[in-house]
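Numbering (the working numbering), first residue to last: 1 to 555.
Derived from the structure by calculation, the hints contain no laboratory data.
Note that beta-carbon positions come from the ideal geometry of N, C-alpha and C, so glycine has one too.
The reader is advised that the hints may include incorrect statements.
Across the chosen pairs, the derived CB separations fall in these ranges [what the hints assert, rightly or not]:
1) Gln488 x Ile554: 53 to 61 angstroms
2) Ala552 x Glu196: 25 to 33 angstroms
3) Arg406 x Pro108: 15 to 23 angstroms
4) Glu493 x Pro159: 52 to 60 angstroms
5) Gln487 x Glu228: 50 to 58 angstroms
6) Pro159 x Tyr222: 34 to 42 angstroms
7) Asn549 x Thr176: 55 to 63 angstroms
8) Gly68 x Ala357: 16 to 24 angstroms
Derived SDA-like pairs: lysine to any residue, alpha-carbon spacing no greater than 25 angstroms straight-line [to be verified]:
9) Lys255 x Glu213
10) Lys66 x Phe93
11) Lys420 x Leu194
12) Lys536 x Asp309
13) Lys420 x Ser402
14) Lys536 x Glu432
15) Lys263 x Glu358
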Amino acid sequence: MNQIKKISTKIRWVFLILIFTSSAIVLTSAGSRNFEIVKNLDIFSSMFKELVVNYVDEINVSEMMKSGIDGMLSTLDPYTTFITESEIEDVRFMTTGQYGGIGAVIRPRGDHIMIVEPHEGFSAFKAGLLPGDLILEINGQSTMGRDEDEVRALLQGQPGTTLSLLIDRDGELWSTSLEREVVRIDNIPYYGMLNERTAYIKLSGFTQRASREVRNAFLELYEENKPESLILDLRDNGGGLLHEAVNITNLFIEKDQLVVSTKGRLPDRSTTHRTLNDPIDVDISLVVIVNRRSASASEIVAGAIQDFDRGVIIGNRTFGKGLVQNVVPLSYNTQLKVTVAEYFIPSGRSIQAINYAERRADGSVAEIPDSLKMPHQTRGGRRVYDGGGIDPDIRVTRPALSNVARGLSGEFKIFDFATKFQRLHDTLPGPESFFITNDLYEDFLGFIAGHDFTYDTDSENVLKDLKKAATGDKYFAAIEEEYYRLQQMIQDEKAQDLITFRQEVEQLLREEIVSRYYYQKGRVIVSLASDPDVEKALELLADQTFYRNILAGIE
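Using the sequences and the accompanying hints, generate a full structural model.
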C-alpha cells in the first residue's frame, strides 16, 4: 500500500513538472528574447523529474527545490534572496517595523531558545516572560534542536491567534497562553540632551515611520531645550527604506536637492530622489556617528550630509552596501527580494564596497581595491572617494574588549547575573542613577566563583601553537621547563583579570542590569557614559572653529 502511495505521489509530481515544461515550450513558441533561458529551464525540469521518479529514497521536493533556488541565488549578491511563506513576517518587519507575534527578542542557548528581552507592553511582557526564560515547547512542539529562525517562525503569525508555551525558569516548568498581536518597534530607542547645548538621537532603523520619528524627536528637544548642536547616531543601523533616508536628510538639507539616484539595467530602475519639503533646521551644528555596521539607508544619510558639507561624520568606515532591492511577489505566497540597481549619493559616488559581478576562480568576491576607487568632491570641494562605504571625517579608535569581558559575555555570565539580580529586585533607580557598587561587584565575583567559567587569552593560544609546533619539530623537550613557567605566569595574570579590567566589566554589568528594567532605552543611556565616539563628538561640537574648519576642508 505504501509503495502504491509513493508511486502515486511521484506520478502527481511528474504531471506538475510536465505542465511546467509545457509552459517553457509555449514561451519558446511565443518568441523568447533568449533561447538560453528556455533551454536551461527545460534541462532543470527534466533533471528534477528524473530525480523525483528514480531516486532510491523518497525526495522531499520542497526542500530540494529550496536548496536549488538558494544555490542559484548564491552565485549573485547576498541581498538577492528567496522568501518563503514562513518568512513573510520578517520582511514585513524590515519595511514597516511591525509584525505579528508575541514581542520578544530570542536567542539560542544550549538545546533550546531563550528569551533575551520581552518588548515592553506586548504579549510576552504582559504574560510575565522574563529574560533567561527557556522556551521548551510551542503549541506542544518541542524547540529541542531547532534554530532561532525555526522558533521565530512558530512564534510569529496572524495577530489575534493564540499559542501556548512551556517555559523553564530556573528549573521550574510552567505553561502560559499568549495571543499574537501587532508588535511595533520604534526606530528611535532613545533621544535626549547630552548637555545643555547638545541634543542626541539614536536611530536604529529606517522603517515607514523613521523620518516622522526623527522629526518629532528633534522638534520636542528643540522646543524644550533650544539645542545648538545635534548628534545623530546611526551606528549598528543596517538600513531600510530608501525614501525614509531621503526624508531624514531633508530635515537638515534645503528643498529640491538631489540626495540619491539609482542606476539599474532596466530604464525604469534608474531614478532620482530629491528633497521635497522645507527643512526643519539648516543651521544647527550636526554630527553623524557611524560604524562598520551602518549600512544602506544609513550610508545614504551619512553620505549626503557629508557631500553637502552639512555636518561632520565621526566613527568608523561604514559597511559599503549601495545596492537597491525590490520585493517581487511569486506564487504560493512566496517572494523574491532582488537587487535591481545601485545607488549614488550627491557627489556622484557609489558606496558599494564589493563587486559581486566579478568573482575569483573559487567563487569568492573581494572589496574594490583602492586603485579603482575614484575621487569625487563635496559641495565645498572636499575630496571623497567611492567604492568603500562612507569614510568618516574623524575616525575614532575604540579599544577592543578584553578577553575576560568577551568570555563573560559569550558564556552568559553577565546575562545570568543580571537575571539573578532582577529576580531579587523588583525595581531599580533611573538608568543615570544606578551604578555598580563595591558590594555588588563582590557579589558578582562570588557568582563567577560558583560557576564554571573559562576563557582563553591570546597569549594562551599562542603558547598552545608554540607547543604544537615545537613538538612537531622535536624541540619541545628542550623548552618544556620554560613553557610551563610561562603557562603558570599567564594563569597568575588571568586570576587578576576581573580586577584589572573591572571598569570594563562593570560597564557591561551596568548595561545588562539596567536593560532589564528600562529596556533598550536604558541600555543606550548607560552606554553613552563611556562612549568614545560620543565623547569625540562632544569635544568637536565644543570647538566650533575646528568644526567649521573640517567642513571647509581646512587641515
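Worksheet entry | Broken hints, by number | 11
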